[in-house]
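Enquirer: The residues making up each chain are set out below.
Protein chains: 6
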Amino acid sequence: MYGEMLDPITRQLIDLALAEDLGAGDVTTAATVDPAAHGVGEIIAKEPCVLSGLAVAGAVFCRLDPQLSFQALRPEGDRLSPGTVVARISGRLAALLAGERVALNFLRRLSGVATLTARYVAAARAGSARVRVVDTRKTTPGMRSLEKAAVRAGGGCNHRFHLGDGVLIKDNHIVAAGGIGPALARARATAHHLLKVEVEVQDLAGLAEALQAGAEVVLLDNMSPEQVAAAVALNQGRALLEVSGGVTLATIAAYARTGVQLVSVGALTHAATDVDLSLELLPPAADDAAAPAAPLLHRQSTPADWGAD
Amino acid sequence: MYGEMLDPITRQLIDLALAEDLGAGDVTTAATVDPAAHGVGEIIAKEPCVLSGLAVAGAVFCRLDPQLSFQALRPEGDRLSPGTVVARISGRLAALLAGERVALNFLRRLSGVATLTARYVAAARAGSARVRVVDTRKTTPGMRSLEKAAVRAGGGCNHRFHLGDGVLIKDNHIVAAGGIGPALARARATAHHLLKVEVEVQDLAGLAEALQAGAEVVLLDNMSPEQVAAAVALNQGRALLEVSGGVTLATIAAYARTGVQLVSVGALTHAATDVDLSLELLPPAADDAAAPAAPLLHRQSTPADWGAD
Amino acid sequence: MYGEMLDPITRQLIDLALAEDLGAGDVTTAATVDPAAHGVGEIIAKEPCVLSGLAVAGAVFCRLDPQLSFQALRPEGDRLSPGTVVARISGRLAALLAGERVALNFLRRLSGVATLTARYVAAARAGSARVRVVDTRKTTPGMRSLEKAAVRAGGGCNHRFHLGDGVLIKDNHIVAAGGIGPALARARATAHHLLKVEVEVQDLAGLAEALQAGAEVVLLDNMSPEQVAAAVALNQGRALLEVSGGVTLATIAAYARTGVQLVSVGALTHAATDVDLSLELLPPAADDAAAPAAPLLHRQSTPADWGAD
Amino acid sequence: MYGEMLDPITRQLIDLALAEDLGAGDVTTAATVDPAAHGVGEIIAKEPCVLSGLAVAGAVFCRLDPQLSFQALRPEGDRLSPGTVVARISGRLAALLAGERVALNFLRRLSGVATLTARYVAAARAGSARVRVVDTRKTTPGMRSLEKAAVRAGGGCNHRFHLGDGVLIKDNHIVAAGGIGPALARARATAHHLLKVEVEVQDLAGLAEALQAGAEVVLLDNMSPEQVAAAVALNQGRALLEVSGGVTLATIAAYARTGVQLVSVGALTHAATDVDLSLELLPPAADDAAAPAAPLLHRQSTPADWGAD
Amino acid sequence: MYGEMLDPITRQLIDLALAEDLGAGDVTTAATVDPAAHGVGEIIAKEPCVLSGLAVAGAVFCRLDPQLSFQALRPEGDRLSPGTVVARISGRLAALLAGERVALNFLRRLSGVATLTARYVAAARAGSARVRVVDTRKTTPGMRSLEKAAVRAGGGCNHRFHLGDGVLIKDNHIVAAGGIGPALARARATAHHLLKVEVEVQDLAGLAEALQAGAEVVLLDNMSPEQVAAAVALNQGRALLEVSGGVTLATIAAYARTGVQLVSVGALTHAATDVDLSLELLPPAADDAAAPAAPLLHRQSTPADWGAD
Amino acid sequence: MYGEMLDPITRQLIDLALAEDLGAGDVTTAATVDPAAHGVGEIIAKEPCVLSGLAVAGAVFCRLDPQLSFQALRPEGDRLSPGTVVARISGRLAALLAGERVALNFLRRLSGVATLTARYVAAARAGSARVRVVDTRKTTPGMRSLEKAAVRAGGGCNHRFHLGDGVLIKDNHIVAAGGIGPALARARATAHHLLKVEVEVQDLAGLAEALQAGAEVVLLDNMSPEQVAAAVALNQGRALLEVSGGVTLATIAAYARTGVQLVSVGALTHAATDVDLSLELLPPAADDAAAPAAPLLHRQSTPADWGAD
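Keeping their order, the protein sequence lines are chains A, B, C, D, E and F.
According to the numbering used here, the first sequence holds residues 1 to 309 in order.
According to the numbering used here, the second sequence holds residues 1 to 309 in order.
According to the numbering used here, the third sequence holds residues 1 to 309 in order.
According to the numbering used here, the fourth sequence holds residues 1 to 309 in order.
According to the numbering used here, the fifth sequence holds residues 1 to 309 in order.
According to the numbering used here, the sixth sequence holds residues 1 to 309 in order.
Everything labelled a hint here was simulated from the structure, so no lab data went into it.
Just so it is clear, CB atoms sit at the ideal spot from N, CA and C, and this is done for glycine as well.
Some clues are possibly wrong.
[Unchecked claim] Ranges between beta-carbon positions, derived for each pair:
id	chain 1	residue 1	chain 2	residue 2	range
1	B	Pro8	F	Pro82	29 to 39 Å
2	F	Asp34	B	Arg79	15 to 25 Å
3	C	Leu282	D	Gln212	23 to 33 Å
[As the list claims (entries may be wrong)] Pulled from the structure, derived: some chain C residues nowhere near chain D, Cβ distances all over 12 Å:
id	residue
4	Leu73
5	Arg119
6	Ala126
7	Gly155
8	Arg160
9	Leu168
10	Ala205
11	Ala208
12	Gln212
13	Val232
14	Gly237
15	Leu240
All chains, please: the whole structure from these sequences, using the hints.
Expert: Here is the structure:
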């Protein structure tokens, strides 16, 4: 996602999600709703949560029917109370009903990621005001950039986006390269000069070896808070240190307290569940004559959502 | 998904997932691993769970490198204990490392859905041996057919796949059509003759009205087990009855006990989290001369996974 | 197709049709027509027919040049006389000329389907006021939803759209399942609860077996009107009955008279031929100053045609 | 279509056709047929016809399931009698059943085009042994190259494929360019040097003007055979002459007799209807052990069908 | 490319180019630029050149952000001096910065082709006022139609676009067909009647044979100007003659002087290098209030650039 | 490009290139070459050059006809003399002829980039044995990863691939952020922890400011070798230094001699022109019986070329 604009993968995922939910068309609505009828709906939080994904929810509706007007009422990252109205959509009622499920499936999951992230960040803050809670690559297939944005919305930070924008040398790479030293040397010779090299170690001996080989970032894998504290002491500020593996809401403060700069938490994305947001239709107003105005409003408000498609 | 073959949406989702995780390429592996090196990995369960998604995990690897051999060792729906090896992959080590994360992201989530479903089904069985625990359209964008298969793997049943293969008349449709009777009549006139018509009702009065209008299936929305029992009595076997809304592991047996035929549970998909499966590389064998044989095995075992692409 | 919006397959088909007809560009028009010249054309019926496909014809023009204004003047399903003007298009002359053939290829075929359907429906009405004349899956590749809409435009009804939204058990399925009874039982256990199960039978014995097994719909394959009448008598209103196979304009009334609810006719789509509609350019008006206004009209009238692309 | 290989548009059309016919999967077959069961089917002509489209029918099956073996038994353009077996398919029974309809929809229509073309060519031969019966751009959207191949299979010849591989100046172009002379001159200056320029004329005066302007090909639009004979006399062998408009099976011989080189007939494609070919499953053989051999046969026989995808 | 509209291949290439340059987003701009900030940039020539590709450069910006306003200030084919402002873009500063490189990569290369073509055309004019300098199929993958337009912008003419819109019989075809005569005869029988047939020959004997066989166009391969002059004399105006192979800026005039109609030069596209055009941002104006007007201007000026996408 | 496998963008570009060059098919070959004829061709260097792009050239042929066997005979980066045979292709003659142009268009350009890079690297070596000659984002649209591989083949190194895998703060970013210090601070806070931050400066004052702000990499824009030498002195080894702008073959040694670690040269890609490689068909052998063996060879040698498509 670039600024307000959706990236190509997200746009393709929206199309897949609409295709799988519409099939050959919404037979119920086709049977019962006048194709010309106009409606207005509101998306409303049903439980306390952190908002993320309103842009993609809006894009779902506008992709389905470019005449729909989607108005975001709360910003990404907003803390919502039950009952908060976060968006208003108006236009053809049939399109509202057809797009509802897909839009909510995105929004509910992304807000779930943001909400869970916010809990981890709050817990970490109890240990350190400066530690970064970062995500992993354990994201939902096709939703990497959306979920990484949700992590940011919840107050977290991102790790690398994919295998191409950061070097992270793990056990198998070390074995294949013949040791930490050779692996680091080969990574520096091959990767371009704007990528840093991170090495995963299992214990203090590994850390010592990595530091000697000049590692810029070291991942401390599955260590206890005590081991991490010892690692911080050993490091003496030379490398960035990242704690990873087995971090929970109960333990993150202890890790943060050690002084490591980064704690990565796969659960931010792989253990998040939906939060409850739903779409409610407003009762039809008396002034249906206002309907024709909607497309004009839409034309002004939505193209930026769709971006470079 | 058709039989062993993956449907077009799933294949596109695999491509999106690989694209978002590979970026311009796996710079770490490119730096540290000999492109010609051969490896063997095993996917292993780390906690008790129900298996789902091995076919799509295999497709991820084969999509990345058609020379990889992916061998499924356990069937869809299998109950796994920690340590169970569920699949073996062999081929270029660099491809194994590059595909690992995406394959696991699919497999862990789908097995998570199957595992949660199995828990709901077991709980429901305490109330009734015959009740169907069915899913909803609250699925992950792009994974509808995969998650519906996971529900089946966990012992659940599917509701309609999308808006086009079943008529489900909700409140807004009833308002738009001018009542339950007109809505049902219009649905029958419009939908083709192999689709049944289901109507959502909030109370016994609604059920009575729906039955009078000839509804074939009625969704009882957010009713208590007691209300559902009354509904079953009122129904007298005329319509299929589906309970929906607010069903939990704690309450599902009570609902099942009422005699309704169907209990739908959105949580099967929207509240599922990953179960822990991981990929472990085997230490390199002495007989690397065996490597050339792998492609032949692969050619026999994998084309069906990729199906009609 | 959902409401006024075109479904993804239709949009892709439009793109294929434009690609195959434009090649590297319209060399004749490029050589002879001023790129800035403005024109107005009308689509006119040249023979009596039933209109279908104006939305897709308009989408072809707007896909080629979003600045074109396409104005539909007659509704889907309208009965046209020779000379009736059904649509008016204005905008860049070069785009009008480039899009003409593809737009008409769609419109002429779809109106052909609607027209042939109307003849079958009229013939069936001589036998019964209530029988449904339904289509089959013998449609033009890529045009399934368009041709099914054309059948509706001609007064017909649709059968299932594809293999996924209805169960239709044929001979081979019965053999594979080990009889009508087991086939029906397995279909009910597997299909979701909003799909009805139809069984194809060849004779009265088959019908009896199907009814005993609880078939909800039975397809009477290649039976004479007399056999069908006997089948209706045997059925006693238990199952929906569908006549299929060898139904012609000459025999459909006799079948309708038997009291079956459904008569399916493959010829509606596989034996339809084009009806004659053509595009005629209006002589250039004196008031070319009016041209700039067209894009504004277009902006208001066409986005809905393109829907969720 | 290049040689045995299918062009990209055709491959995309196959995908659209499979997508629209499969929906979320073949629920009937899924319920009743063992996914591992093996079957053999034959495609058989049910009426006399000219064969076209076997390659695309085979591609449909192989696209659906690459393990299927498709064996073409008769060549493109073959004259078939009722009962002729034109192809044999073996492999997974479920895939055979799922692909049957789409494959036949292609094959039946294309053979219909070839058959109708053969009738026009035979009729034209009564008037001239050398006249070319050529097609037009009035083809089914997405099937241009397939239908043009079917025309060749029926003994016809092709006109230009699209707007880019031939210059055909019609009335509107002449008006826009300011006369036949200027239009021809601009076309020669703009088009590359391997494209010929054809001009459409309505009468002998038009022909005279076109010849004077140096037209290489002239289309005689909607003239009677007598007018065409006069045109041939006037032409004195200078330009190629093409008759177009209103040619029927009854009149084509008279046109051919005039000595024109080309008669174009839109009906070859826009008035063709399906011919009857169907797929019949062979009864299961005793030697099911032979099934595993099929994939090997398939691997040898089918990759060329899929070509450059 | 059709008129002002971009063809589908060009649009897809724009998407590939944006995808490969944006990756997961412009991290620098995301960090440093206010997403709502507005900017204005100008594309300026830095050296004398012939302009080509402004439409595609504009399309890049508008594809990235449809809200951007792109205003072309100089026409295709314009001769530019250093300092000439050729286009002005206004809108979100972040989008300007993100699209700059891709837009310039297109524009600089295409203007390079136009500029080199203009040099060849000027050199050829020294030998003949009427000779056509034509391109070849040695174009950049994916940029065929753009580079052919650039050749026209530079004063050159196009050869056939691809293998389908012209017959060019080379040595291997002659060998395969069994001689020039049979090759020509088979080409005429197979190709449609609006395609001319060109034959490649290596010497005067080949030319004589081609002329005797009735070749309409003959390609003289790698002959000296003297040999070409002899070929012109032998030809006596019967066939169009094309010189090809080894033509340079130093020798083109000598070839042109022989009287051949066509000289093809692969170097127009395969030896062109970028010319220097760059984008400069204007200092922010005081009247930022003008920003909201931009989208309106954009709406009027750009949709035609994007054409039928 | 990942290992031997082609990335998705490259595969899509191959498809675009084939589509634009084939049009509706190779009419010349269709007319003159027996579709079943077998041929063998060799790709041969015609001038001294550095080889790059053989994998993509092979992929072009195999994409067109998967039955073709493509055998690479020389490795990427090989120094070729005129006459060197770099690859052998065998299979259907018609496919060889149809794919030749597209395959060569890729190979000739990429080898041109590798060859030009090798010249720059050799020139730089005269100044320093350790300096990295790096590329820029001035690459051909759609060929970014291929051209970056060609730069490596020529002995150069890569800069960041795109806007997402490295932070490069330029003038406009500095202005927008309010100075070098704030820009750097915001970049570090926003970018993930594996990305380094580079700042572009115009003079020594800028360098001093950047160093003070803690820049890890500094781009020295358009400075003379003398200024660069002063910058190296000022830097005292703190930041990586990159020279950029106006570097030529004549000046690169002088820049290298200053001790900067990196010299970036846009010309590597934007000023490269094709080198001459061509395909020559071998005369048909007597033993055509060998033809059937080719597909088997192909099956073993090519799947890896096509990778994860």
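Enquirer: Quick check: which numbered hints come out false for this structure?
Expert: As far as the earlier hints go, 1, 2, 8, 9 are violated by this structure, in ascending order.
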